[in-house]
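Turn these sequences into a full structure, and let the hints guide you.
Each chain, written out:
2 protein chains.
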Amino acid sequence: MAQRQMSIGMNILGHGGHAAAWRVGEAPPTAAIDVEYYKDIARISERGTLDAIFLADGPALGGDVERIPAGRLEPTVLLTAVAQATQHIGVIATASTTYNDPFNLARRFASLDQISGGRAAWNAVTNAGDAAAQNFGLAGAPLHVDRYGRADEFVDVVFKLWDSWEDDALIGDRSGGRYADGSKVHEINHVGAHFSVRGPLNVPRSPQGRPVLVQAGSSEGGKALGSRWADAIFTTQTTLPDGQDFYREMKDRARAWGRNPDGLKIMPGLSTVIGSTEAEANRRCDELDAYQGEEGLAAQVAMRIGIPVSELDLDAELPWDRLGDPSIYEKGSVGFLEAQLNLARRERLTIRQLGRRIRSGHRLVVGTPEQIADTLEEWFLAGAADGFNIMPDMFPSGCEIFVDHVVPELRRRGVFRTEYTGSTLRHHLGLPHPLSQYAAEAAREPALSY
Amino acid sequence: MAQRQMSIGMNILGHGGHAAAWRVGEAPPTAAIDVEYYKDIARISERGTLDAIFLADGPALGGDVERIPAGRLEPTVLLTAVAQATQHIGVIATASTTYNDPFNLARRFASLDQISGGRAAWNAVTNAGDAAAQNFGLAGAPLHVDRYGRADEFVDVVFKLWDSWEDDALIGDRSGGRYADGSKVHEINHVGAHFSVRGPLNVPRSPQGRPVLVQAGSSEGGKALGSRWADAIFTTQTTLPDGQDFYREMKDRARAWGRNPDGLKIMPGLSTVIGSTEAEANRRCDELDAYQGEEGLAAQVAMRIGIPVSELDLDAELPWDRLGDPSIYEKGSVGFLEAQLNLARRERLTIRQLGRRIRSGHRLVVGTPEQIADTLEEWFLAGAADGFNIMPDMFPSGCEIFVDHVVPELRRRGVFRTEYTGSTLRHHLGLPHPLSQYAAEAAREPALSY
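Going line by line, the protein sequences match chains D and L. With our numbering applied, the first sequence has no gaps in its numbers, which climb one by one up to 450 at the end. With our numbering applied, the second sequence has no gaps in its numbers, which climb one by one up to 450 at the end.
Calculated from the structure, these hints are not laboratory results. All figures in this text were calculated on a predicted structure; none of them were measured in a lab. Heads up, the beta-carbon is just placed ideally off N, CA and C, and yes, glycines get one too. Some hints here could point you the wrong way.
Covered, in the sense of this in silico footprint (three residues per stretch, anywhere, with C-beta under 8 Å from a C-beta of chain D), are these stretches of chain L [stated by the list, open to error]: (1) 17 to 30; (2) 90 to 101; (3) 177 to 188; (4) 196 to 205.
Away from chain D, derived, C-beta distances all over 10 Å, residues of chain L [stated by the list, open to error]: (5) E66; (6) A81; (7) D173; (8) D252; (9) S327; (10) S397.
So this is what it looks like as structure tokens:
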């Protein structure tokens, strides 16, 4: 039996995972709206036989537009362009279940799956935060529980639409004049608390059957959603024991939904700053930090915990008494917040120390290619990860170094592919082609062939 | 002063304007979901220095999936891919104001405009018909008047979002650490009957300032919408006097909104079947018709007038007594219906004759390249058109023949460009770069520089 291998995604967050990356000048200041920038990183990632590139997103202008690059291209159209410049690598676009309609979203991702030849994935998020809500007629974000209630039904509807054309529905018989077998094109007639959708989808079934579903929230609602529907979960644990706990819990939850847990891939994030030596890596990190100053790093912590930086003592531990109120979990990402609080509590970090340890929010490793490979292999073999979502400090160099120095090391250790063996993202991730739930009904079989 | 020149768009409707085009076998049966098919036609169109390619659309599976290719790729993602395969030609995507949110739509088109280097256009439609409504939680389509009320506010919001970053808002000063001039990035704070949207858009201002706005309905609501907001109007008149009346009316309406009427381009549709001789063109047409039979053509008329074919006498004139009820205008496109009724009334056509004259719904000319050029030139010089939206009988040959034989004839006559002289669709259409309405406010000038 072949050795199990890890999956790797490249998370292209603006100029890089470090907030000051744009100041360095590796990429033009306008990179966030430059399709060539993304195509370039995708080609480098494909050279490294990575599984996918990943784009985070939210439907609002975030951050301080004066000081930090803000405003980005919409991921489904951007990744359509990127797919035209690549042949194998998957493309994962984030889109909101709170601020979209399931019919339009299902169609756009099915189209991207057709255009990319089976490389599309949807990262389903619910979008905390009032700024997004205020672009869609609401005074503020719906409560967490309501967002996840809608998300669960949203994904259900999208799956039904993706399944509404069976794999063999399209016949295309010109001489006989028969385009499709109408008995294999299904109205879904969904009626639920949030949506009434008749269907069928107006795109025939796509190469992957269904585009890959990714889920990226670690709250209770996020875990329920991800374990029920997702093919892969992007997550945020910062310590190995937390990673192992999360991995075990999600596999158990998948089992409880009647799924084969191998069909649910757990992919923690990893922020990287890589140098030929530890000293070089640290210098690279210091150079980036210098643009922000320690106050800038502390401000990132303050933003995350929802307490103004002016009310914090940077050389003290976190104000634990103020962080017991459950309402702090309504303001943003539960997963990121919990991961940071757990790390700070476990290691008794000051705010200043936590700022240096976290930066983008994901677990951060500053070190040599071997050290990066060590920690990836450790988490992978210790039952904390099926793969990783890599967030380099800056692009393109952080991606190039990863591909040219970390990937070969992982290949030497036999835990990462040396070439693509298939053409779809499902294949890269080791996921089976799903049967349409309507075909499954007819065959009296479970809908998922896991 | 240079001679005024016409604009030409290529309308890629499935396998062609003739419903039987897919039966012939020039393109694979799966062309509607094949990005290479669209890229190929776009490259041919670009070889002919056409202004744009155009994709109609609606968010529902239309027609008889057993007999006619149904299900298509979503236009904004498809045209993003097409833009990667071309350098100059504009890309016009249809999207609904009834079944989208303005924030998401504004962002997707702004992204397409960035990715294509200023070649994006949005064809705003309201979508008659219940099938679309039933994919979005409604029992049936909203009334015409309500759809257009929403459409007017929808476009207003989209324009505000496209204007929310002024042209010079993005600074990108790395060394000074200043990304944008926040005073030139505007919340729009729109509050209206249908939408409350705070903004700003999360994409900086795009190369065209605003993507081009196209409008394609000829009802009263459509004419009000188009004359107020659109850069170009796709329309359906089938006789020259009707075309002249419509042209004059729309220019007058634009003036009444305080606009320069030159900023509103009128582009009627023209269905073409072209042969080296008239006889060859007729043979081509007969070959296509043979797949459908005369009953198939009559069925298209029946569908358009909303009366079952079984209740019609194909050798009689239209049942005028049954067509007086204004409710027939609620069921589908007012423009197409009126154009067909006017033609049939004027020429006293039977249903069978009307079926042969109309087919796709647009004015149809079967003839030689010279005859096609004659009618284009006639309408253009007689004040019935600033340009045309061409719908060939089938692809790719109908497009190739147009580009290789009609375009050279138009060039010889001096009414069509011999090369692209600019890089944006606005430039091709002869439209000025619009000023942001927020910049205009500051300068105490009208928002549009027409």
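Consistency of the hints with the structure:
1. Requiring three or more residues with a Cβ within less than 8 Å of a Cβ of chain D, the coverage given for the stretch 17 to 30 of chain L holds, as 7 such residues are present.
2. Counting residues of the stretch 90 to 101 of chain L whose beta carbon lies closer than 8 Å to any beta carbon of chain D gives 3, which meets the minimum of three for the stated coverage.
3. Using a Cβ-Cβ cut-off of 8 Å, 7 residues of the stretch 177 to 188 of chain L lie near chain D, which meets the minimum of three, so the contact claim holds.
4. As drawn, the stretch 196 to 205 of chain L meets chain D at 9 residues by the rule of a beta-carbon pair under 8 Å; at three or more, the given contact holds.
5. With 10 Å as the threshold on Cβ separation, the claim that L:E66 sits away from chain D is violated: the shortest Cβ distance comes to roughly 5 Å.
6. Residue-level check failed: L:A81 sits 5 Å from the nearest beta carbon of chain D, not beyond 10 Å.
7. At roughly 8 Å from the closest C-beta of chain D, the C-beta of L:D173 falls inside 10 Å, breaking its exclusion from the interface.
8. With a least CB separation of 36 Å from chain D, L:D252 remains clear of the 10 Å interface cut-off, as annotated.
9. The beta carbon of L:S327 sits about 23 Å from the closest Cβ of chain D, which is more than 10 Å, so the claim that it is off the interface holds.
10. Against chain D, the non-interface label of L:S397 holds: every CB pair exceeds 10 Å, the least being about 16 Å.
Of the hints listed earlier, those the structure fails to meet are numbers 5, 6, 7, in rising order.
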